[in-house]
Amino acid sequence: MGLQSLGHNTITVGKDILYAAGFFYESLIASLQYFRRRQVGRRVITMQLLFTGVEALSVIALISLSLGAVIIIQGVNILPQFGQGVLIYKILITVITRELGPLLCAFVVIARSATAIATELGHMVVSHQIEAYIATGVNPIRYLVAPRFIGVTLSMVLLNLYFNVFGLVGSFILTQFFQPISAFEYFHNLLIYLKAPDIISSLLKSLIFGLIVSHTATYNGLKVQQSSTEVPQMVIRSVVQGFTLCIIADAIITMIYYI
Amino acid sequence: MEDPLQVAMEGVTVLYGERTVLDNINLEIKPNNTTVIIGPSGSGKSILLKVMAGLVPANRGTVKKDGKDLVLLKGAEENDFRRRSGFVFQDGALWANRTIEQNVRFPLEVHFPDMEYEEMNHRVVSYLKEVGYEDRLDYRPSQISAGEQKMVSFARALITDPEFLFLDTPLVGIDTSSAQSIQEIIKKLHKQKRTMVAGFMDAELISLIADELVVLYKGKILAQGPFSEVTRSSDPAVQKVLEIVMQQAASYDEDILNLLDTGEGLF
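If you're matching them up, the sequences are chains A and B in order.
All letters in the first sequence, in the order written, are residues 1 to 259 by the numbering used here.
All letters in the second sequence, in the order written, are residues 260 to 526 by the numbering used here.
To be clear, the hints were calculated from the coordinates, so they are not data collected in a lab.
All values derive from a computational prediction rather than experimental measurement.
Every residue, glycine too, gets a C-beta built ideally from N, C-alpha and C.
Just to be clear, a hint being listed does not mean it is correct.
Claimed, not checked - Covered stretches of chain B, as calculated for chain A (at least 3 residues, CB under 8 Å):
1. 309-323
2. 341-347
3. 353-364
4. 450-461
Stated by the list, open to error - As a list, the in silico DMTMM-like pairs of lysine to aspartate or glutamate whose alpha-carbon atoms are at most 20 Å apart:
5. 323/B to 26/A
6. 388/B to 373/B
7. 388/B to 420/B
8. 223/A to 277/B
9. 333/B to 16/A
10. 323/B to 337/B
11. 223/A to 16/A
12. 15/A to 262/B
13. 327/B to 277/B
14. 333/B to 26/A
15. 477/B to 502/B
16. 323/B to 277/B
Claimed, not checked - Computed list of chain A residues with no C-beta within reach of chain B, every gap over 12 Å:
17. 44
18. 47
19. 70
20. 124
21. 138
22. 173
23. 189
24. 201
25. 253
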């Protein structure tokens, strides 16, 4: 009986993974072909960029400034004791640009946008609005998923860039309160330690996190079947899956960076 | 002049987990006829309509449009089917983030993108007027009644002038006045010889417009054929379903009339 249950669960999980992979493939193709099609919802993509990107700017600025402040305060107090004060720049780049920057942006986007997207799509399934689109001749993946895919991914990349600017530039401003340093010296030292692989790693992470977050949100939203009580369950699932997959992807990309 | 759409279901079975919702359905819809599907609540009428319209996939069997599997239709062929068919959902299924006017306009934008804006406007207004909905075009669906949503849903389904219509219990859950308006619309569509497949409970309307009758019970077709033949079937199972359906429709009206007469049971 236990073996039967294990087998059944394995098959169910396997089917789910295959279905999710197929959905991702369809969404990616639809997104790549998006602007070529007449039947486009440009308004949707604009609204998505506004909601996911623009409206998150203040939160991202606050988080990146705070993170920069913490690194500066800790670094300025601890590192000179070991004669390694100059390592502060490497730490800033590692933490803000390569690691926590993309991850924290992903967490903000998951909390704000993934939940909203999964909820909206889930409710559309329950109220048969998705079926109404199909009956009208509209492919829901092309019309509803693709603009969200593009909007969230693009927002993630731009928010990450914004996070970096605020984090690194903001840290300079905060440094003035502890160990005043000229702007030239600060940015000169920063650029010595900021390498192309750091930037590529950061951009790659933000791109992949954007794809992960948009996929888990749209996939789980559309997985709602019949009842409105399933909607919060699928929203929670999209959040947990988003967090987990982003952290796993982060670990993999970090390992590749050090190869 | 296009050939009429031919739609047929062959061996269609739909499963929800372990439960069989539709069991080996074989049904061919006659063009220019009204096929009414009757059955007690939960017999599978809505699912049958949705599978036939290609909105819900079947676990087994095929739905064919002009001899071709509906699921395999792509591009222009699929668009052609969608343009020539309209679906009226049981609960309207209007798009919540669009106004009434945008809801009805959208199918025109999809199928006739080169239509002039003024012509689209004119068509939207005239179709809404035809179904009895005239003002508040800038309202959202949540701001109008269930009956009005149903009427707007009709206008949306009819806006591309489809020859094939799917009507999913359009008279359920609405007030008497809206129900009467919708009945008039359905009678008019029947006179226009559009192909209609409908799930109804209204005995009077069924007797007026049904050319073909399909009796559905627990996901299985018990009988199908011309209305006069099916209603005279000597099969006790068919008679039982007809009795259940007519009683369900009748008892609702009776209960309401009793309540209004005596005032009992009102709050």
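Each hint, compared with the structure:
no., hint, result
1, 309-323, "holds (count 5)"
2, 341-347, "holds (count 5)"
3, 353-364, "holds (count 3)"
4, 450-461, "violated (count 0)"
5, 323/B to 26/A, "violated, 25 Å"
6, 388/B to 373/B, "violated, 24 Å"
7, 388/B to 420/B, "holds, 15 Å"
8, 223/A to 277/B, "holds, 19 Å"
9, 333/B to 16/A, "violated, 25 Å"
10, 323/B to 337/B, "holds, 12 Å"
11, 223/A to 16/A, "holds, 11 Å"
12, 15/A to 262/B, "violated, 41 Å"
13, 327/B to 277/B, "violated, 29 Å"
14, 333/B to 26/A, "holds, 15 Å"
15, 477/B to 502/B, "holds, 15 Å"
16, 323/B to 277/B, "violated, 26 Å"
17, 44, "violated, 10 Å"
18, 47, "violated, 10 Å"
19, 70, "holds, 41 Å"
20, 124, "violated, 8 Å"
21, 138, "violated, 6 Å"
22, 173, "holds, 42 Å"
23, 189, "holds, 50 Å"
24, 201, "holds, 38 Å"
25, 253, "holds, 36 Å"
Against the hints set out earlier in the document, violations occur for numbers 4, 5, 6, 9, 12, 13, 16, 17, 18, 20 and 21.
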